[in-house]
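Visitor: Could you build all of it, start to finish, from the sequences and the hints given here?
2 protein chains.
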Amino acid sequence: MSDKKKIYKPKPISGFPEWLPEERLIEQQWLDKIRAVYESYGYCNIETPSVEELDVIAAKGEDVDKEIYVLERLQKGEDDKEARLALHFDQTVPLARYTAQHFNDLTFPFKRYQMQKVWRGERPQMGRMREFYQCDIDVINVDQLPIHFDAEVASICYEAIDSLDIGRVQMRISNRKILMGLMDALNIDNKVEITRIIDKIEKITAEEYQKLMQEHGATSEQINAIQTLIDCKDLSTLVPSNDDMKQGIEELQFVMKQLSHLPDHAAIVDLSIVRGLDYYTGTVYETQLLDIPEFTGSVCSGGRYDDLASSYINKKLPGVGISIGFSRLFDVLRQNDKISTKQKSPADILMIMPSEDMRQQSSDTARILRASGHKVELSHGGKLKRQLAYAEKKGIPYVWFPPFEDGLAHEVKDMSTGEQKQVNPNDWAVK
Amino acid sequence: MSDKKKIYKPKPISGFPEWLPEERLIEQQWLDKIRAVYESYGYCNIETPSVEELDVIAAKGEDVDKEIYVLERLQKGEDDKEARLALHFDQTVPLARYTAQHFNDLTFPFKRYQMQKVWRGERPQMGRMREFYQCDIDVINVDQLPIHFDAEVASICYEAIDSLDIGRVQMRISNRKILMGLMDALNIDNKVEITRIIDKIEKITAEEYQKLMQEHGATSEQINAIQTLIDCKDLSTLVPSNDDMKQGIEELQFVMKQLSHLPDHAAIVDLSIVRGLDYYTGTVYETQLLDIPEFTGSVCSGGRYDDLASSYINKKLPGVGISIGFSRLFDVLRQNDKISTKQKSPADILMIMPSEDMRQQSSDTARILRASGHKVELSHGGKLKRQLAYAEKKGIPYVWFPPFEDGLAHEVKDMSTGEQKQVNPNDWAVK
Numbered sequence: 065m066s067d068k069k070k071i072y073k074p075k076p077i078s079g080f081p082e083w084l085p086e087e088r089l090i091e092q093q094w095l096d097k098i099r100a101v102y103e104s105y106g107y108c109n110i111e112t113p114s115v116e117e118l119d120v121i122a123a124k125g126e127d128v129d130k131e132i133y134v135l136e137r138l139q140k141g142e143d144d145k146e147a148r149l150a151l152h153f154d155q156t157v158p159l160a161r162y163t164a165q166h167f168n169d170l171t172f173p174f175k176r177y178q179m180q181k182v183w184r185g186e187r188p189q190m191g192r193m194r195e196f197y198q199c200d201i202d203v204i205n206v207d208q209l210p211i212h213f214d215a216e217v218a219s220i221c222y223e224a225i226d227s228l229d230i231g232r233v234q235m236r237i238s239n240r241k242i243l244m245g246l247m248d249a250l251n252i253d254n255k256v257e258i259t260r261i262i263d264k265i266e267k268i269t270a271e272e273y274q275k276l277m278q279e280h281g282a283t284s285e286q287i288n289a290i291q292t293l294i295d296c297k298d299l300s301t302l303v304p305s306n307d308d309m310k311q312g313i314e315e316l317q318f319v320m321k322q323l324s325h326l327p328d329h330a331a332i333v334d335l336s337i338v339r340g341l342d343y344y345t346g347t348v349y350e351t352q353l354l355d356i357p358e359f360t361g362s363v364c365s366g367g368r369y370d371d372l373a374s375s376y377i378n379k380k381l382p383g384v385g386i387s388i389g390f391s392r393l394f395d396v397l398r399q400n401d402k403i404s405t406k407q408k409s410p411a412d413i414l415m416i417m418p419s420e421d422m423r424q425q426s427s428d429t430a431r432i433l434r435a436s437g438h439k440v441e442l443s444h445g446g447k448l449k450r451q452l453a454y455a456e457k458k459g460i461p462y463v464w465f466p467p468f469e470d471g472l473a474h475e476v477k478d479m480s481t482g483e484q485k486q487v488n489p490n491d492w493a494v495k
Numbered sequence: 065m066s067d068k069k070k071i072y073k074p075k076p077i078s079g080f081p082e083w084l085p086e087e088r089l090i091e092q093q094w095l096d097k098i099r100a101v102y103e104s105y106g107y108c109n110i111e112t113p114s115v116e117e118l119d120v121i122a123a124k125g126e127d128v129d130k131e132i133y134v135l136e137r138l139q140k141g142e143d144d145k146e147a148r149l150a151l152h153f154d155q156t157v158p159l160a161r162y163t164a165q166h167f168n169d170l171t172f173p174f175k176r177y178q179m180q181k182v183w184r185g186e187r188p189q190m191g192r193m194r195e196f197y198q199c200d201i202d203v204i205n206v207d208q209l210p211i212h213f214d215a216e217v218a219s220i221c222y223e224a225i226d227s228l229d230i231g232r233v234q235m236r237i238s239n240r241k242i243l244m245g246l247m248d249a250l251n252i253d254n255k256v257e258i259t260r261i262i263d264k265i266e267k268i269t270a271e272e273y274q275k276l277m278q279e280h281g282a283t284s285e286q287i288n289a290i291q292t293l294i295d296c297k298d299l300s301t302l303v304p305s306n307d308d309m310k311q312g313i314e315e316l317q318f319v320m321k322q323l324s325h326l327p328d329h330a331a332i333v334d335l336s337i338v339r340g341l342d343y344y345t346g347t348v349y350e351t352q353l354l355d356i357p358e359f360t361g362s363v364c365s366g367g368r369y370d371d372l373a374s375s376y377i378n379k380k381l382p383g384v385g386i387s388i389g390f391s392r393l394f395d396v397l398r399q400n401d402k403i404s405t406k407q408k409s410p411a412d413i414l415m416i417m418p419s420e421d422m423r424q425q426s427s428d429t430a431r432i433l434r435a436s437g438h439k440v441e442l443s444h445g446g447k448l449k450r451q452l453a454y455a456e457k458k459g460i461p462y463v464w465f466p467p468f469e470d471g472l473a474h475e476v477k478d479m480s481t482g483e484q485k486q487v488n489p490n491d492w493a494v495k
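Protein chains in written order, with the numbering used here: chain X, 65 to 495; chain A, 65 to 495.
No wet-lab data here; the hints were simulated from the structure. One or more hints might be untrue.
Heads up, the list lumps identical chains together, so a pair's fine if it works in one copy or across two of them.
The calculated lysine-lysine pairs, modelled on BS3-like cross-linking and capped at a C-alpha distance of 25 Å, are [as the list claims (entries may be wrong)]: (1) Lys-458 / Lys-380; (2) Lys-97 / Lys-458; (3) Lys-73 / Lys-379; (4) Lys-447 / Lys-380; (5) Lys-408 / Lys-75; (6) Lys-130 / Lys-140; (7) Lys-379 / Lys-458; (8) Lys-447 / Lys-406; (9) Lys-380 / Lys-73; (10) Lys-380 / Lys-408; (11) Lys-321 / Lys-439; (12) Lys-485 / Lys-457; (13) Lys-408 / Lys-97; (14) Lys-439 / Lys-97; (15) Lys-321 / Lys-447; (16) Lys-140 / Lys-75; (17) Lys-379 / Lys-75; (18) Lys-380 / Lys-70; (19) Lys-457 / Lys-379; (20) Lys-379 / Lys-447; (21) Lys-70 / Lys-130; (22) Lys-457 / Lys-477; (23) Lys-379 / Lys-408; (24) Lys-477 / Lys-406.
Guide: Here is the structure:
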């Protein structure tokens, strides 16, 4: 018999992405940038548990239910009589539950952001992610929420995506009251179904669109009137058919005016944006990356809702929010070589260890540099050539040589230019 | 019939902690500080999926298996023929699997940190957390790993905990080779069991300890020899009984010398530290908070191991690492009012909105201040008194008044002193 250990060769798990250190470094930088923008507007962070009670999370519609992951203990004990737990599939249900549960401890308007992983048990063959980050921002108030927050969250999300430096970002903004008002004026009864068809307009052909509308009872006159509306680019040319439509137009005009500080391409009116969910009642947003054709669909979406948490609390809690689908964004850019993975270490300096008896000198120098804010990797030693190769391989921009003997100076080598010069650790700063 | 909606009043889920925004603000600051220290030494981050294949994660011993959470889709489909998935219960198994799986893409020595949630389905009545953060740091190399890394990870973890400003931190360090060598010299066969008893020495009475040792066959002579060893505070007085013991003493002396730059209380030799796991083969660490008596046990622990990943790859991968049990640390200090929850917003400035027609002025000023690095919450407006009360309630340190009419100056109020003065937004910086 062989005493060789049996080896289980691990493989990737479909839908659960995992990055190499150099990719994760960029992912962290992106998450940091989004967080910094969210916080620069004073939004506070919350983090909810990965699980909710199944009763809280389920029954939001069968499509979603199918994708819910429930937890089971591998070996059940007699004490397993508690509520069943399930991983959250978004951050909206947890936000609603959180706001209701902690209602008396929160300050309203409750401005919060949340950047966590969510889980959806999608079919693997669809190539979708089953675990991914969402970066959500919402503001919730009691009874009513001023319309200027609809502009603020749009402004924040634009700035957050723009901070990633991935080309021009364009938010397409509408207000559902306009279309809903028009459909009322046109005596369309099945507004929910018709809205869902309009939501698909960019994903299906013109013929398919016509056919679907007709199948759902829309007349040519109704289809044309809707088409005229969603083709409209200038709100001032719209003639409201009723109060709802009028209010929608005014709200949208106000929001666009508040966004006038942004570049021209950044925010446009697009009345074809309706979002599929009934949940939304006013402003709605989708967002395109104009310079990344590989990224299809909306990178962040959201809208205004009237009723966040009435399943959990007897209060009217209107809100407005946007969610960045972070992991898909990152993965598409990663797969299309739009991120740099040259740097494989957070360090900006590799501290050379000339020899074992110079260890103290090297580690003292590293400490001085860390105290002035540098990130310094202390080399593990060995041949000088191999230490330099290590810095090269990890993409560390500077290599530091402590004096090889007493009386000599410290020297720093810039790995990008090859230039090497004498320096003093006490006053050295990376330019 | 009433059309009142049925309300499901949410309640906390046992073992899955959730913080208020002001508590989460501190938790984020702590996580940021630990991350900053880890990165200042050039350790790179990885993040593994929340799940592993059950075959990868299970069978590490029945005690752990009992606590594993397995995922099940709420509604199983015909395509559910894939491997069963389970939430990871630590970050060591994922590190081993990751290192094996990506072996050819990693640079060794592989210095990584990892700060994720882990899940353990412990019994609720024990009051333990079922979801919590661990902050791990490890360095892995191929074939052999220099001993100076045993000092480096200790130094990093000391600095990380010390950065939280929660009083004096003390690492207690030993080397398992010393005790193992002594037990060999004493002809003790059941070293694993005896080691586990010694590991409990601080949790049980002297009588219980004696009894357990005797039950496991230890003679008085053996018990006394072990006691003499673990009472030893000065390594130079130890006479090694064999090569293993000698090597252990030398390694520990080397590690302690490398830590001599730390304050006196920071790192001490404590030969009673053995860690329960067989896994460890050399240096072992535990860590006490000297000024927080409410925190019992070790805040971070770890050690040297010879064989990280031989279950997954045919390579010898020794490593050394330490894990901070972050969530328990945070929760104990939180419950004992050792964290300040005065500030409920990340903002340092609340921008007053004097009236609706001053909106543009207020939001332009907020933008200027954000561009210079400030975090500025734009007030939602309303009565001035209520806006000030909002700033007070959220603990925002400065309130900014844009000019109420043309020609007037900007003014800033320091909420802690009440002092209010004229300022220019273009050159204002919080001191």
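Visitor: The structure should be examined with respect to each hint, and the outcome stated for every one.
Guide: So, going through the hints one by one against the coordinates:
1. Lys-458 / Lys-380: between (54 Å within a copy, 23 Å between copies)
2. Lys-97 / Lys-458: both (23 Å within a copy, 24 Å between copies)
3. Lys-73 / Lys-379: Between copies, since 12 Å is at most 25 Å while 54 Å is not.
4. Lys-447 / Lys-380: Result: close only across copies, 22 Å inter versus 69 Å intra.
5. Lys-408 / Lys-75: Close inside one copy (23 Å), not across copies (44 Å); limit 25 Å.
6. Lys-130 / Lys-140: both (24 Å within a copy, 8 Å between copies)
7. Lys-379 / Lys-458: between (55 Å within a copy, 22 Å between copies)
8. Lys-447 / Lys-406: within (24 Å within a copy, 53 Å between copies)
9. Lys-380 / Lys-73: This pair counts as between: shortest inter-copy Cα distance 15 Å, intra-copy 54 Å.
10. Lys-380 / Lys-408: between (49 Å within a copy, 23 Å between copies)
11. Lys-321 / Lys-439: between (44 Å within a copy, 23 Å between copies)
12. Lys-485 / Lys-457: Answer is within; shortest intra-copy Cα gap is 22 Å, inter-copy 54 Å.
13. Lys-408 / Lys-97: Result: close both inside a copy and across copies, 19 Å intra and 21 Å inter.
14. Lys-439 / Lys-97: both (19 Å within a copy, 14 Å between copies)
15. Lys-321 / Lys-447: Between. Shortest inter-copy distance 24 Å satisfies the 25 Å Cα cut-off; intra-copy 64 Å does not.
16. Lys-140 / Lys-75: Classified as between: cross-chain Cα gap 23 Å, same-chain 28 Å, threshold 25 Å.
17. Lys-379 / Lys-75: between (49 Å within a copy, 17 Å between copies)
18. Lys-380 / Lys-70: between (60 Å within a copy, 14 Å between copies)
19. Lys-457 / Lys-379: So Lys-457 and Lys-379 pass the 25 Å test across copies only (22 Å; inside, 58 Å).
20. Lys-379 / Lys-447: between (69 Å within a copy, 24 Å between copies)
21. Lys-70 / Lys-130: Intra 37 Å, inter 24 Å, cutoff 25 Å: inter-copy only.
22. Lys-457 / Lys-477: within (15 Å within a copy, 52 Å between copies)
23. Lys-379 / Lys-408: between (50 Å within a copy, 23 Å between copies)
24. Lys-477 / Lys-406: Classified as within; 18 Å inside a copy, 47 Å across copies.
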